[in-house]
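*Asks:* The primary structure of each chain is shown beneath.
2 protein chains.
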Amino acid sequence: MKALKLRKVAIDTYKENVAYLHRDCPLYRSEGFQALNKIEIRDGLETTAVIAVLNIVDDENIIAPDELGLSEQTFAQFHGKEHSAVYVNHAVPPSSLRLVHAKIAGNRLAKKDFLRICSDIVNNRYSKIEITAFLVGCAEGGLERDEMLYLTEAMVETGTTLDWGESMVVDKHCIGGIPGNRTTMLIVPIVTAHGMLMPKTSSRAITSPSGTADTMEVLAKVNLNQDELHSIAQHQRGFIAWGGTANLAPVDDILISVERPLALDSKGQMIASILSKKIAAGSSHLLIDIPVGPTAKVHSQRHALKLRKLFEYIGDRTDMELEVIITDGRQPVGNGIGPSLEARDVMQVLQNDPNAPVDLKEKSLQMAGRILEFDPDIRGGQGYCLARDLLESGRALKKMEDIMALQGSKLISTRPAQFHYQVLAPEAGYVNAIDNLQIAHIARMAGAPMDKLAGIDLHKKLNACVNKKEALYTIHAEFNADFQFAKTLAVKNSGYTIGKNIEY
Amino acid sequence: MKALKLRKVAIDTYKENVAYLHRDCPLYRSEGFQALNKIEIRDGLETTAVIAVLNIVDDENIIAPDELGLSEQTFAQFHGKEHSAVYVNHAVPPSSLRLVHAKIAGNRLAKKDFLRICSDIVNNRYSKIEITAFLVGCAEGGLERDEMLYLTEAMVETGTTLDWGESMVVDKHCIGGIPGNRTTMLIVPIVTAHGMLMPKTSSRAITSPSGTADTMEVLAKVNLNQDELHSIAQHQRGFIAWGGTANLAPVDDILISVERPLALDSKGQMIASILSKKIAAGSSHLLIDIPVGPTAKVHSQRHALKLRKLFEYIGDRTDMELEVIITDGRQPVGNGIGPSLEARDVMQVLQNDPNAPVDLKEKSLQMAGRILEFDPDIRGGQGYCLARDLLESGRALKKMEDIMALQGSKLISTRPAQFHYQVLAPEAGYVNAIDNLQIAHIARMAGAPMDKLAGIDLHKKLNACVNKKEALYTIHAEFNADFQFAKTLAVKNSGYTIGKNIEY
Chain A
0 MKALKLRKVA
10 IDTYKENVAY
20 LHRDCPLYRS
30 EGFQALNKIE
40 IRDGLETTAV
50 IAVLNIVDDE
60 NIIAPDELGL
70 SEQTFAQFHG
80 KEHSAVYVNH
90 AVPPSSLRLV
100 HAKIAGNRLA
110 KKDFLRICSD
120 IVNNRYSKIE
130 ITAFLVGCAE
140 GGLERDEMLY
150 LTEAMVETGT
160 TLDWGESMVV
170 DKHCIGGIPG
180 NRTTMLIVPI
190 VTAHGMLMPK
200 TSSRAITSPS
210 GTADTMEVLA
220 KVNLNQDELH
230 SIAQHQRGFI
240 AWGGTANLAP
250 VDDILISVER
260 PLALDSKGQM
270 IASILSKKIA
280 AGSSHLLIDI
290 PVGPTAKVHS
300 QRHALKLRKL
310 FEYIGDRTDM
320 ELEVIITDGR
330 QPVGNGIGPS
340 LEARDVMQVL
350 QNDPNAPVDL
360 KEKSLQMAGR
370 ILEFDPDIRG
380 GQGYCLARDL
390 LESGRALKKM
400 EDIMALQGSK
410 LISTRPAQFH
420 YQVLAPEAGY
430 VNAIDNLQIA
440 HIARMAGAPM
450 DKLAGIDLHK
460 KLNACVNKKE
470 ALYTIHAEFN
480 ADFQFAKTLA
490 VKNSGYTIGK
500 NIEY
Chain B
0 MKALKLRKVA
10 IDTYKENVAY
20 LHRDCPLYRS
30 EGFQALNKIE
40 IRDGLETTAV
50 IAVLNIVDDE
60 NIIAPDELGL
70 SEQTFAQFHG
80 KEHSAVYVNH
90 AVPPSSLRLV
100 HAKIAGNRLA
110 KKDFLRICSD
120 IVNNRYSKIE
130 ITAFLVGCAE
140 GGLERDEMLY
150 LTEAMVETGT
160 TLDWGESMVV
170 DKHCIGGIPG
180 NRTTMLIVPI
190 VTAHGMLMPK
200 TSSRAITSPS
210 GTADTMEVLA
220 KVNLNQDELH
230 SIAQHQRGFI
240 AWGGTANLAP
250 VDDILISVER
260 PLALDSKGQM
270 IASILSKKIA
280 AGSSHLLIDI
290 PVGPTAKVHS
300 QRHALKLRKL
310 FEYIGDRTDM
320 ELEVIITDGR
330 QPVGNGIGPS
340 LEARDVMQVL
350 QNDPNAPVDL
360 KEKSLQMAGR
370 ILEFDPDIRG
380 GQGYCLARDL
390 LESGRALKKM
400 EDIMALQGSK
410 LISTRPAQFH
420 YQVLAPEAGY
430 VNAIDNLQIA
440 HIARMAGAPM
450 DKLAGIDLHK
460 KLNACVNKKE
470 ALYTIHAEFN
480 ADFQFAKTLA
490 VKNSGYTIGK
500 NIEY
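As they're listed, the protein sequences go chains A and B.
The first sequence begins at 0 in numbering that gives the first Met the number 0 and counts up one residue at a time.
The second sequence begins at 0 in numbering that gives the first Met the number 0 and counts up one residue at a time.
Note that these hints are calculated values from the structure, not bench results.
Every value quoted in this text rests on a predicted model; they were computed, and no experiment measured them.
Some hints could be false.
One copy or two, it doesn't matter: identical chains are merged, so the pair holds either way.
With a cut-off of at most 30 Å between alpha-carbon atoms, the simulated DSBU-like pairs for lysine-lysine come out as follows [claimed, not checked]:
no.: 1; residue 1: Lys4; residue 2: Lys486
no.: 2; residue 1: Lys397; residue 2: Lys80
no.: 3; residue 1: Lys127; residue 2: Lys111
no.: 4; residue 1: Lys14; residue 2: Lys4
no.: 5; residue 1: Lys1; residue 2: Lys486
no.: 6; residue 1: Lys468; residue 2: Lys499
no.: 7; residue 1: Lys491; residue 2: Lys1
Throw the hints in and build the complete structure from the sequences for me.
*Replies:* Written out as structure tokens, the structure reads:
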């Protein structure tokens, strides 16, 4: 087979591998390649093989007939050098695809089947449409609970697993959907102040106005390597860092990159996604938070209970000590939405500031209490009081400062955002409902999380009494275009429902 | 909103719309676009809107920061001029996507739901992963027969419908999977010689070694516009042309572009695909051929019957006179596989050549007979004899020559292919089985249909008695690389099973 010269094409194709061949490339003609075909690219030593979707180029400035181009991410995976010799062939469809067909046909898959699928996915053998077929086949009752377990295990086994060298490594996870809600940044200092090990890796926002990693980044560096993380954990028993660098359950990231634009909501997929990441991160004790509310991810107590059973079923079979709490998800938790505003809330709670948002403090103490009770020395029911002592004594604040210092403290900007807009109550009454989705949408349009100072500051929460034209919340933005966009959105639909009476 | 300058990027992205934005484009920053996001592109007059997937470019030679690039196919859809002003925005997810979610959740969709989905698809509002979600949701018992009807109707209504101005327009269709099998090229001259109107548009091969359009192209031009087709139909009552230019059931083409790489076999989808194209093509009377065999698309009589009922159900509700015949699909039909070899078979049958393949002739006469019986003047059961008379009298050959002349006859090459390889019987015995899939695969690897002369010529068919080292078939190829590839494949697995006795 004839060699082509490798070339990096400066195009960002995100999670999709794309290769470029010139239409006059002799191989294109003789091998019968077509645009959107999948090809396999190998180096001369046959050590690296990458699967990519083919685009055909008609411009020699982009790629010459004797070259093979790879998009930026694909080039990075290939570990090759520019101009080195590469060999191209038709990619063989992944053999595990017939298992996906079996799943779509309603068959039950075994552990080894999920392992084969995950291992093909992690090796980039699946195209986006093949991944979609797998996800849709698994969606909506497509997975029995044993299959969710197998998928979880398969996602763990196709990635790296961290080992913290201790038998108790605590963790927490919220299934998401509630703006604000930065409990992690309070729980970590509280439980590590008690001496528990809580090496917390968090995600950045993808569709929300801020992730824990985005908010923590206002206070300290979060982009740390494994050596740094281990060292901080050793000295401080915990940290709050971004989890993106370790290769934990990498299949999950690939599935999410398809699932998210599709807005596909699959219970089995969500559970496997959460638990695989936690198991891979080396967590032994996990508290899961399921907020329930009309605009939360889970709308009813009944659904929350069903979800709890599934988490418990899989937790028990993967040697993880797992507790689930069902919380109030009818509105954002805390006042700030967006990295800086949320960081302010967190610091106010830690500093026992009288202006600190009560709901954020209470929820964090409840959850920290439950985690503290994983400690065999803590009597059942005593966790909350201990958590409160740790917080109100200032020990949690001290701990947070120590953690921030080791991660690399940041100079916190006290400058307000460039643009402000107050959303007012259209009439006097009571706040009957706050739409989590609309509030998150407005905050995101205002620039969060990309602009740290952008977001929303809530002045009125559920059941509050408001006068006509009293401010419900303030929109903060850094750029005029974003500001106008967010404003227009809020004027159209503020996300608040004001009624004559309190509704319970 | 700020304008960008439109630019064509010379990259072929086939059925996927791709747009290119430079990373330093001010819009990219302020609007929070990301790679793989979907964007909507409009011209200044707001007359055209195109949805495309975004790729981010880091090279000003490909695209400058004030430009928006479109891949070749996307640019063609946009009807814009290079350097004209265009406006970009986040694409709103297609509103019909929630219907796809409902389908995945197992709900029944109504006619208007399928119409909304198809109209979003035809307007390029669906990404490939969204199309996949729809297809998988409809796969494997996902569609009730009424839903298949609705999908069929929706696919017709979102495209162009041809009108031939007559009440009887006959057509035939084979569900595919059998190499050779060029009955259409015999049926059209036979039934048009009788005076029936049969304006036959056929497809090119996508995964098979040849489509009817590829084979007909050996004899005459097949790429004709609507005016030419109407004129030929008027003069000769029929033609055999490529159907790709008319905008018939365009949703089908888009679905197939995803379905095919996925190897997704969905009954409902197949039926809707076939019937929508036929209805859109203006056919009133249709004969459907379902070959049954271990390596055909349908493996058992039982499945063929089920499929027949579905075809009949939908045919009856779309005012189409529809007949289904179940045929022998245990082996290729005819001897040649690949455009030129198949064209030779067809011409031999028309010329009443004693070497003409008997099976191709018999099957074509059976089918032509059934179509002739659509004529109210033909007595039930007399169609076959009439078809045979039309063929053996030379009237069909004359008709074919007239049609070829009007389409634009080609000088038929008598040169043999460059490379030949005979696959021999490993031992004496009887041909017990011929694997349609393997034979098709080898023929394709030999260069069919791209190289007209490439393919396979079968010397022995099912139940034939063979001596040791007697030739089973000959591989024809035009390029050495293809030749070696096909040879290797045939040596590994010839596709033939030779047994001691005849197996029935």
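*Asks:* Quick one: Lys397 to Lys80, C-alpha cut-off 30 Å, is that within a copy, between copies, both, or neither?
*Replies:* The answer is neither: 49 Å in one copy and 63 Å across copies each exceed 30 Å.
*Asks:* Checking an output row: Lys127 and Lys111, CA cutoff 30 Å. Within, between, both or neither?
*Replies:* both (22 Å within a copy, 29 Å between copies)
*Asks:* Could you place Lys468 and Lys499 in one of the four classes (within, between, both, neither) given a Cα distance threshold of 30 Å?
*Replies:* within (15 Å within a copy, 95 Å between copies)
*Asks:* Within a copy, between copies, both or neither: which one fits Lys14 and Lys4 at a CA-CA cutoff of 30 Å?
*Replies:* both (24 Å within a copy, 27 Å between copies)
*Asks:* If the cut is 30 Å between Cα atoms, do Lys4 and Lys486 qualify within a copy, between copies, both or neither?
*Replies:* Between copies only: 29 Å across chains, 52 Å inside a chain, cut-off 30 Å.
*Asks:* Go through the copies and call it for Lys1 and Lys486: within, between, both or neither, with a Cα cutoff of 30 Å.
*Replies:* between (59 Å within a copy, 19 Å between copies)
*Asks:* My question is about Lys491 and Lys1: at a cut-off of 30 Å on alpha-carbon distance, are they close within one copy, between copies, both, or neither?
*Replies:* between (61 Å within a copy, 23 Å between copies)
When each numbered hint is compared with the structure, a violation occurs for hint 2 only.
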